[in-house]
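Chain order of the listed sequences is U and Y. Numbered continuously in numbering that gives the first Met the number 0, the first sequence closes out at residue 474. Numbered continuously in numbering that gives the first Met the number 0, the second sequence closes out at residue 474.
Don't read these hints as lab results, they were simulated from the structure. Cβ coordinates follow ideal geometry from the N, Cα and C atoms, glycine included. It is possible that part of the hints are untrue.
[What the hints assert, rightly or not] Derived lysine-lysine pairs resembling BS3-like cross-links, with alpha carbons at most 30 Å apart:
no.	chain 1	residue 1	chain 2	residue 2
1	U	315	Y	315
2	Y	48	Y	446
3	U	56	Y	145
[Claimed, not checked] Among chain U residues calculated to face chain Y with C-beta under 10 Å, some are:
no.	residue
4	40
5	100
6	199
7	200
Number of protein chains: 2
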Amino acid sequence: MSNNKQKITPQAENFSQWYQDVVKEADLAESSEVRGSGIVKPYGFKIWKLIKAQLEKQIEETGAEDVYFPLLVPIANLEAEKEHVEGFAPELAVVTHAGGEKLANSLAIRPTSEAAMYKTYAKWIQGYTDLPLRLNQWNNVMRWEKRPRAFLRWSEFLWQEGHSAFATKEEAEKEVWQMMRVYEDLYKYLAIPVLVGRKSESEKFAGAEMTISAEVMAKDGKAIQGATSHYLGTNFAKVFGINYLDKLGQTQLVHQNSWGLSWRSVGAVIMAHGDDNGLRLPPNIAPIQVVIVPIIKDGNDKEVLQYCREIQKNLKKLRVHIDQRENISPGYKYNYWEVKGVPVRLEIGAQEVQSKQVSLFRRDNGQRDKVDLADLPQEVKIVMKDIQQNLFNQAQEFTKSHIHRIEDVAEIKDQVGFFEASWSETKESEALLKEKYSITSRVLLSKKAEQKPKNKKCFITGKEAKHDWIFAQSY
Amino acid sequence: MSNNKQKITPQAENFSQWYQDVVKEADLAESSEVRGSGIVKPYGFKIWKLIKAQLEKQIEETGAEDVYFPLLVPIANLEAEKEHVEGFAPELAVVTHAGGEKLANSLAIRPTSEAAMYKTYAKWIQGYTDLPLRLNQWNNVMRWEKRPRAFLRWSEFLWQEGHSAFATKEEAEKEVWQMMRVYEDLYKYLAIPVLVGRKSESEKFAGAEMTISAEVMAKDGKAIQGATSHYLGTNFAKVFGINYLDKLGQTQLVHQNSWGLSWRSVGAVIMAHGDDNGLRLPPNIAPIQVVIVPIIKDGNDKEVLQYCREIQKNLKKLRVHIDQRENISPGYKYNYWEVKGVPVRLEIGAQEVQSKQVSLFRRDNGQRDKVDLADLPQEVKIVMKDIQQNLFNQAQEFTKSHIHRIEDVAEIKDQVGFFEASWSETKESEALLKEKYSITSRVLLSKKAEQKPKNKKCFITGKEAKHDWIFAQSY
Numbered sequence: 000m001s002n003n004k005q006k007i008t009p010q011a012e013n014f015s016q017w018y019q020d021v022v023k024e025a026d027l028a029e030s031s032e033v034r035g036s037g038i039v040k041p042y043g044f045k046i047w048k049l050i051k052a053q054l055e056k057q058i059e060e061t062g063a064e065d066v067y068f069p070l071l072v073p074i075a076n077l078e079a080e081k082e083h084v085e086g087f088a089p090e091l092a093v094v095t096h097a098g099g100e101k102l103a104n105s106l107a108i109r110p111t112s113e114a115a116m117y118k119t120y121a122k123w124i125q126g127y128t129d130l131p132l133r134l135n136q137w138n139n140v141m142r143w144e145k146r147p148r149a150f151l152r153w154s155e156f157l158w159q160e161g162h163s164a165f166a167t168k169e170e171a172e173k174e175v176w177q178m179m180r181v182y183e184d185l186y187k188y189l190a191i192p193v194l195v196g197r198k199s200e201s202e203k204f205a206g207a208e209m210t211i212s213a214e215v216m217a218k219d220g221k222a223i224q225g226a227t228s229h230y231l232g233t234n235f236a237k238v239f240g241i242n243y244l245d246k247l248g249q250t251q252l253v254h255q256n257s258w259g260l261s262w263r264s265v266g267a268v269i270m271a272h273g274d275d276n277g278l279r280l281p282p283n284i285a286p287i288q289v290v291i292v293p294i295i296k297d298g299n300d301k302e303v304l305q306y307c308r309e310i311q312k313n314l315k316k317l318r319v320h321i322d323q324r325e326n327i328s329p330g331y332k333y334n335y336w337e338v339k340g341v342p343v344r345l346e347i348g349a350q351e352v353q354s355k356q357v358s359l360f361r362r363d364n365g366q367r368d369k370v371d372l373a374d375l376p377q378e379v380k381i382v383m384k385d386i387q388q389n390l391f392n393q394a395q396e397f398t399k400s401h402i403h404r405i406e407d408v409a410e411i412k413d414q415v416g417f418f419e420a421s422w423s424e425t426k427e428s429e430a431l432l433k434e435k436y437s438i439t440s441r442v443l444l445s446k447k448a449e450q451k452p453k454n455k456k457c458f459i460t461g462k463e464a465k466h467d468w469i470f471a472q473s474y
Numbered sequence: 000m001s002n003n004k005q006k007i008t009p010q011a012e013n014f015s016q017w018y019q020d021v022v023k024e025a026d027l028a029e030s031s032e033v034r035g036s037g038i039v040k041p042y043g044f045k046i047w048k049l050i051k052a053q054l055e056k057q058i059e060e061t062g063a064e065d066v067y068f069p070l071l072v073p074i075a076n077l078e079a080e081k082e083h084v085e086g087f088a089p090e091l092a093v094v095t096h097a098g099g100e101k102l103a104n105s106l107a108i109r110p111t112s113e114a115a116m117y118k119t120y121a122k123w124i125q126g127y128t129d130l131p132l133r134l135n136q137w138n139n140v141m142r143w144e145k146r147p148r149a150f151l152r153w154s155e156f157l158w159q160e161g162h163s164a165f166a167t168k169e170e171a172e173k174e175v176w177q178m179m180r181v182y183e184d185l186y187k188y189l190a191i192p193v194l195v196g197r198k199s200e201s202e203k204f205a206g207a208e209m210t211i212s213a214e215v216m217a218k219d220g221k222a223i224q225g226a227t228s229h230y231l232g233t234n235f236a237k238v239f240g241i242n243y244l245d246k247l248g249q250t251q252l253v254h255q256n257s258w259g260l261s262w263r264s265v266g267a268v269i270m271a272h273g274d275d276n277g278l279r280l281p282p283n284i285a286p287i288q289v290v291i292v293p294i295i296k297d298g299n300d301k302e303v304l305q306y307c308r309e310i311q312k313n314l315k316k317l318r319v320h321i322d323q324r325e326n327i328s329p330g331y332k333y334n335y336w337e338v339k340g341v342p343v344r345l346e347i348g349a350q351e352v353q354s355k356q357v358s359l360f361r362r363d364n365g366q367r368d369k370v371d372l373a374d375l376p377q378e379v380k381i382v383m384k385d386i387q388q389n390l391f392n393q394a395q396e397f398t399k400s401h402i403h404r405i406e407d408v409a410e411i412k413d414q415v416g417f418f419e420a421s422w423s424e425t426k427e428s429e430a431l432l433k434e435k436y437s438i439t440s441r442v443l444l445s446k447k448a449e450q451k452p453k454n455k456k457c458f459i460t461g462k463e464a465k466h467d468w469i470f471a472q473s474y
């Protein structure tokens with residue numbers, strides 16, 4: 000029986016293959032018969048459930064309420080906002096027949112719900128007392144993908160999408176950043192540092208005035224767009240007629256935001272923390288936080304298993320699993336759970352039983368330790384915190400050390416990571432960059448938006464630079 | 000400003016209109032632009048969230064794990080099981096175009112996921128150690144409806160669907176009943192008694208060997224199918240090739256179950272508990288369990304609101320809301336929250352502040368009481384339990400008193416409720432019953448399945464009766 004660790008391609012050899020191998024060997028997900036759509040298996044889904052539970056709590060704390068709008072959207076609604084339909088039309092899946100008949104008007108599966116919700120917002124919002132309106136939904140959306148990738152780029156994905164309407168631009172702009180802070184906190188919970196700032200004209204959401212993004216650096220130096228928050232201005236309010244009477248009885252357009260985070264975040268966890276041995280999960284979202292591996296020898300199974308169960312009881316506040324599979328060696332089990340990224344492994348054999356100790360192995364740094372049984376609950380608690388922090392620190396150091404300041408576009412070659420450069424912010428220069436180097440602007444970091452560029456000349460065109468931006472290849 | 004209570008049609012006048020009025024006036028849901036699909040609003044969705052949270056816990060306790068399979072299903076998969084496709088083909092919504100192109104093979108939006116999952120089950124299940132496989136998913140499904148009704152019959156609905164595979168028929172049959180007990184417990188949590196038993200050949204799930212159902216009686220005497228659990232036998236295993244090698248190395252087919260509960264349960268809560276004043280929610284799933292209405296007079300608002308907040312603090316384990324809306328009379332607020340079914344209302348005016356008391360109103364029975372502030376947390380706790388029990392008792396008494404034993408089909412006329420009758424169990428007699436009386440068999444109660452019929456003659460055909468069945472009109 001060859002172990003699952005041996006089946007993982009080293010990151011340095013082929014990162015893309017490494018990712019596929021980890022998704023498979025950690026038993027997270029697989030592709031389905033429906034091209035572009037994936038099947039998420041129990042272990043992978045549990046990670047998403049734990050992420051979702053945390054974000055759900057955070058969103059509720061902001062006062063937004065959950066709703067459910069239909070999966071299907073009249074095509075005419077999608078066409079109402081010109082930029083929006085241009086952005087999404089190529090990715091739509093269209094229902095033409097239903098209930099045994101051809102539909103008079105085809106319906107699209109929602110690629111996002113602005114066009115599904117905002118006609119109703121126009122009905123619900125009449126006066127200033129109806130504002131702000133802040134609703135959220137957890138659902139599935141569909142954007143037809145030609146080049147699917149597990150979690151990061153499937154045609155169908157699960158996410159939450161929040162949709163807010165405010166009386167004023169100021170309130171909307173406040174919330175668009177507030178929700179981005181919610182996402183930053185969520186990523187912190189995943190031990191992942193993010194780069195936050197606004198998107199360029201080419202990269203913003205189709206139909207938005209401004210998009211703010213949280214960008215994650217994968218270990219191959221590419222960017223993962225981890226979450227976005229959009230200020231939609233009055234673009235949709237105009238086409239869907241979302242007006243309200245203000246205190247003076249004047250008709251006004253609402254200012255809107257939408258914000259979303261999907262199970263791409265699972266992909267980000269894999270790519271930001273994983274190593275050549277597989278997943279490394281932060282304890283906060285590890286489906287199993289502690290795995291106990293009994294080492295059975297010479298018929299001591301009763302004694303050892305009894306001790307394992309005692310330990311499990313002592314750790315009842317954690318998600319603990321005893322691997323009792325028979326006819327499988329402890330070594331095989333060690334590999335198995337390392338690939339699955341379980342933060343802490345406890346190895347229990349005759350020696351541990353006798354000495355009332357436990358052998359503790361940390362997945363994040365490979366350290367081993369002997370812990371007295373009496374100290375175990377307290378020790379594991381400390382170790383969990385430490386792993387969470389260590390993963391964050393490692394990811395932060397990696398990110399920081401892989402942002403390269405460049406003055407000329409030619410410097411991009413052969414460097415792994417993100418690039419910081421002074422940029423003219425023109426669409427033409429970004430198109431050129433994409434074509435020649437496959438890289439795009441990722442964000443204008445918030446603090447950089449208030450500073451002059453380090454270099455007066457644009458790193459691509461040599462023309463006047465406006466700000467220092469972050470660039471990268473992206474997933 | 001006319002209050003929302005006045006807009007509700009009395010149940011006795013027109014129950015169907017009463018239901019629509021309650022859904023609207025309690026602000027639960029509304030219809031959408033997409034015919035047959037609904038929009039669930041925050042208050043309605045919160046009820047579903049609370050139901051879901053409870054059922055999620057119960058399902059997890061049985062050891063089933065959550066997964067996610069694609070929304071879209073190849074038509075060929077649906078066609079594999081003959082009875083299954085006959086049952087669902089008329090209700091399918093079909094995607095013919097995606098990503099700007101016509102698809103070579105059309106895809107259906109899942110009406111249920113047997114056909115979406117079981118080819119993969121065939122891959123995952125190889126040997127007896129892969130069994131049992133017990134997976135569950137929370138998702139949206141689509142069954143095109145010609146006559147939609149909020150929550151009970153929308154084209155798109157949210158639900159959970161569990162799919163299990165076992166080595167033996169015995170294990171499968173054990174689980175199919177086990178999961179029905181999970182649903183019975185869930186309905187008990189909703190203060191709703193259910194009638195549990197197996198379905199007739201005409202009424203069982205398309206493709207199943209046996210369907211067990213939990214039937215709820217609405218206050219108009221009609222039946223709501225509240226949850227179902229199906230023993231699929233080896234029907235799907237045969238067509239999808241789900242085999243395993245047993246301990247002797249023999250190839251065997253698996254025995255399968257599927258079981259589901261949807262947001263119809265919200266409809267059941269409305270129809271089982273509601274009265275002419277609107278919703279009556281069991282405390283377990285009331286989005287607001289206690290509403291506090293301040294009675295402001297002669298500028299005493301600070302004092303009264305301060306007292307309200309103190310009370311809210313004392314009740315912090317409950318979902319409490321203070322209705323601080325200005326320029327709205329207490330009487331209007333009373334009606335408003337009664338329609339929304341809030342179990343307990345506390346009325347706080349100058350008198351209550353002075354006497355350190357609280358006026359407590361119970362939605363379930365209309366009783367009012369004065370409670371000393373010091374006793375409030377304890378008293379509210381007792382009242383909550385009592386309301387939960389009282390709603391269950393009322394529903395149980397209503398159900399019991401509306402099951403009519405009949406010996407002849409002609410007795411059906413003008414009677415509201417369910418009917419118990421001795422039946423020959425033939426498809427022809429059921430078809431006749433449906434056509435002439437619009438009623439169908441609901442369940443063969445478990446205990447009745449082991450007894451001989453009270454009457455030897457079938458109440459429809461006069462031929463030999465097999466068992467005593469429950470019949471009713473159904474939603």
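Okay, the hints, checked on the actual structure:
In summary, the hint linking residue 315 of chain U to residue 315 of chain Y is supported, as the alpha carbons are separated by about 26 Å, within the 30 Å threshold. A C-alpha spacing of about 34 Å is found between residue 48 of chain Y and residue 446 of chain Y, which places the hinted pair above 30 Å, so the restraint is violated. Of the pairs offered as hints, the one joining residue 56 of chain U and residue 145 of chain Y is violated, with about 38 Å between alpha carbons and a cut-off of 30 Å exceeded. Satisfaction of the interface hint for residue 40 of chain U is found here, the shortest Cβ-Cβ separation to chain Y being roughly 6 Å, below the 10 Å cut-off.
Against a cut-off of 10 Å between C-beta atoms, the interface hint on residue 100 of chain U holds, since the closest Cβ of chain Y lies about 9 Å away. Among the interface hints, the one on residue 199 of chain U is violated; its C-beta lies about 25 Å from the nearest C-beta in chain Y, farther than the 10 Å criterion. The interface hint given for residue 200 of chain U is broken, as the beta carbon of that residue sits about 24 Å from the closest beta carbon of chain Y, more than 10 Å.
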